[in-house]
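Chains as they are written, first to last, in the working numbering: chain A, 1 to 403; chain B, 1 to 543.
The set of hints was computed from the structure by calculation and includes no laboratory data. Virtual Cβ for every residue (Gly too), placed ideally from N, Cα, C. Be aware that one or more of the hints could be misleading.
As the list claims (entries may be wrong) - If you want the footprint, here are the derived chain B segments under chain A, 3+ residues with CB under 8 Å:
#1 121–131
#2 171–180
What the hints assert, rightly or not - Calculated lysine to aspartate or glutamate pairs in the EDC-like style (CA-CA distance at most 16 Å, straight line):
#3 B:26 x A:219
#4 B:2 x A:219
#5 A:131 x A:219
#6 A:284 x A:312
#7 B:2 x A:227
#8 B:161 x A:35
Stated by the list, open to error - Here are the simulated distance ranges between beta carbons:
#9 A:74 x B:364: 55 to 61 Å
#10 A:177 x B:36: 54 to 60 Å
#11 B:364 x A:316: 40 to 46 Å
#12 A:360 x B:27: 47 to 53 Å
#13 A:127 x B:52: 26 to 32 Å
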Amino acid sequence: MKENLTKTRELLSQYREDYALCSKCKICHGNHVQEVNHARFFRNCPSGSRFRYEAYYASGRMELARALNLKEIEVTPQYLHALYTCMECGSCQEQCYPVKQIFPLRVIELLREKAVAEGWGLLPEHAPILKKLEESDNYLGKPQAERDKLIKELGVEDASKEKCGVLLFIGCQYSYKSELKKALGSAVRLLRKSGADVGILGSKELCCGAPLLELGDRDFFEAFGKENIERIDATGAETVITLCSHCASVFGEEYAGFMKASPVHVTQYISEALAKGDLKAGKKAKGTVAWHDPCRLGRRLKVYDEPRSILDAIPGLKRVEFERSRGNTLCCGGGGMAAAVYPEFGLEVAKERVYEAEFVDADTIVTACPWCEEMLQSGIGGRKSKVKVENILTLLEESVGGK
Amino acid sequence: MKRPQALPRSAYLKDMDNRRVLRRPKQMEAEPTHNLPENVEKALVELKAALGDEWATADDAVTCGYARDQGFKHCIYPDIIVLPGSTEDVAAVFRIANKYLIDVMPYGTGCNTVGLTIPLYGGIIMDGRRMDKILALDKDNMYARVQPGVNYCMLQAEALKLGLRVANPSAPATVSVLSNHLFCNINLMASKFGFGMDNVIEAQVVLPTGEVLEVGPRASGMDPAQVAGFGPDMSNLLRFAMGTLGYVTEMTIRLYSAPAVDLEFYPAYPDDDLTDLIEALYRLAHDNQAREIAHLQNTFYGIFMGDNNKETEAFVDAVPRNNIMAHFGGATEEEAHIKLEYARAQVQEVSDKFFFVEPEMMRDMVGGKLHLDRWNKYFRETVRVQRVRGSFIIGALVNSLDNFYAIEKQMRKVVTDQIGTTHGIFRPDDASAYFQPYHMGRMAYLEFDLYTHQDDKDDFLRAYMGFFRAFFLAQGMGSIAAAGTASLLKGLPGLDLLLPLGQPEFARIMSLAAAVKQTVDPNDICNHRWDYDTGTSNKISMF
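Work out the full structure: start from the sequences and follow the hints.
Below, the structure is given as structure tokens:
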């Protein structure tokens, strides 16, 4: 696309100073050292912790950008491996930016964009993802018409036909995956209970484009962005609520400012409703839960307190923190589309997160991201762990009561 | 949704791609015997077989990450990177390297800042990050045994669980404990515990021939808590040997107790005059009541305290020019309090111009934006040196406190003539000192921090000249170069050649070191860079 439909385009070359000035202090390899209480939980770069060579940490990926720019090296299969094993969780930037004012995550994102733009990027394993998006307009390759059924199933307004107060942008995963439908139902019922007039786009809702951004295909992403923005604007909704943390980051970072409605993640909306008294959690819950901060919701949008306030509002629920939490959160293994190509690697990361939940004596991991839910579930299977994964909305609905 | 086709690339860009000439920085000796391309290929095959396919590679995508650091040394690509997982792996790498005459460059966690791990003529880089286990933590005898991939943050976290702590270096918490302890290091506020190398109890080293050698108590079958047995202890040979004598795969270091109660005070005054401050510091050090003690000028202080440049600036503006930071530990509040009050009386006796910045006052001064608890944790327990972009350091061990005042004054004068920043954080006259007594006051370590922007050629030149002048001035006035200074000299192209002028015994020491190296490394494969560099310096010193 020639237009800048979403945020202003940037080029890798604009970040030349960043990758040239990286001092290799290696703080990008782990967590904020003053918040580390156990040696095992220092490491926070999923790919670096697994593959160990410098190229798999942000400090090494800066060199990948620099060496390519200086024409010192050619792109090799290992170059692509190092580039696409990054989960784009942003842990590196969380540590590096405050100290050095360097944006390692942005450099990696732009390196992927450069790879696609110049035609040397993307792996054969990425082709099915692009094909599904091209043919079906959603990440899972399912018929869009199925999304229309949700209007009736959920009993919500068809936002493309009737004006609604808030538009719920469901996202591909929650729309199609049966195991996630429970959370979708809870979301709608909670929003209604809080007094919101909820509508959805049904088959008019397209993928937000997050997978494309993560792969570096900005042209294709912008095609989806343009269409989504037009369709959302046409509804006249003032607020768009996203359920998925990847959608939330795309709306917050890319769409916002180009569409009329204000984007908000469902945890932000619900926590405000609880604070105002529009919702009240009364039924006692049992168990010890740990909130898993999805990278895109936490580090990118800084939504840390809202989900915690929701959990704290549920009486009887004991909340513990992961050793790596908030800005130090560990990726679930599903970020950056790495697990789509390297599923075993993604599983290893998920297992590590489940281990951490066991370590802090949590019996349930609570989150609000379909990618995290899926990965952590596989991590539990991989470890044969007794820990469970729950969506925050289903947990809250049980306490709020009523269906 | 149709996927947009990528924009057609211009003919110019296509042409560029076709004519793409790779300029991979690489150099060979004039008549090379080591690192011959055909041997590198054969070695790689054997390394993959010995370590596993995944843990040895010659791919440019990997080697490029080891070709540079933040120093001024020019970029050189190694030929092969290996990630050994055990002592046996390290030995196998050395055996293969000897067989094919490939240089091996030891590498811990890769935080080097002055080009010391960049191989001069290629070869193998042996990255220690896969060996990252804390092998032992003994609470009663207060020691830890670690592998090269363990960093200070990891060890400190585990030590604190047992009420122990590591004497931290003035380096990022991500640096390798093992290599930093061996490389002298300047411990943070606690030079009274000695430098890093003073805290090494024993080590396991794989010699360049592939043999495994134990040094220290373990060599004679003793426990690390015990005194080494009969015969000479070879541990000292490894200290500051820069990896020329082999690869240390395990090391036992001393830990110290982390007291139950920790109190601190901050005597300070705004004058830019160190006379009273040094006297007070000396007395505090001599009495040995303070657990941590140091002097920090405000700009230096800010770098440690601020989490980012903005916080650093706020801090620098808020605190007085000269500050002492002292921590007092005790098993009870009362014990720590008695120590603190005694120290306060000592400082007041030196001069009545000191005022004591109470912790609450410190919070008020910086507007509550900074977290004092976190700073204290930093000083007591963990390290996070937050150097702003492009800071630059001169370190010096002052051989006598009597010389300190003159050295500090003159060094400051010459460097402020030369050094400044064009990067907006610090003013050119903000060259700032950091001083701490060593071993209860018998020696002083002085560090100057100079703020430059390394990407700015003008600043580079000014840093170069400022360093040059300050270093030789200090040498002439009774200072000896600290290890950090020596490595910095090596990091600045050309200046390493001047080492023999600064250290008259340099040539003789290096001849002896070379003789030892010849014994353990007959093919001269281990850290060849150091050998090349110092060999050149050695020749110069012969004249």
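Each hint, compared with the structure:
1. 121–131: As far as the segment 121–131 of chain B goes, the hint holds, because 3 residues have Cβ atoms under 8 Å from chain A.
2. 171–180: holds (count 4)
3. B:26 x A:219: The hint is violated at about 38 Å.
4. B:2 x A:219: Holds, at about 11 Å.
5. A:131 x A:219: 15 Å, holds
6. A:284 x A:312: Distance ~12 Å between residue 284 of chain A and residue 312 of chain A Cα, so the pair holds.
7. B:2 x A:227: Given pair residue 2 of chain B, residue 227 of chain A holds - Cα atoms ~12 Å apart, limit 16 Å.
8. B:161 x A:35: The hint holds at about 14 Å.
9. A:74 x B:364: 55 to 61 Å: 58 Å, holds
10. A:177 x B:36: 54 to 60 Å: 57 Å, holds
11. B:364 x A:316: 40 to 46 Å: 41 Å, holds
12. A:360 x B:27: 47 to 53 Å: 52 Å Cβ-Cβ, so the 47 to 53 Å window holds.
13. A:127 x B:52: 26 to 32 Å: Since the Cβ atoms of residue 127 of chain A and residue 52 of chain B sit about 30 Å apart, the hinted range of 26 to 32 Å holds.
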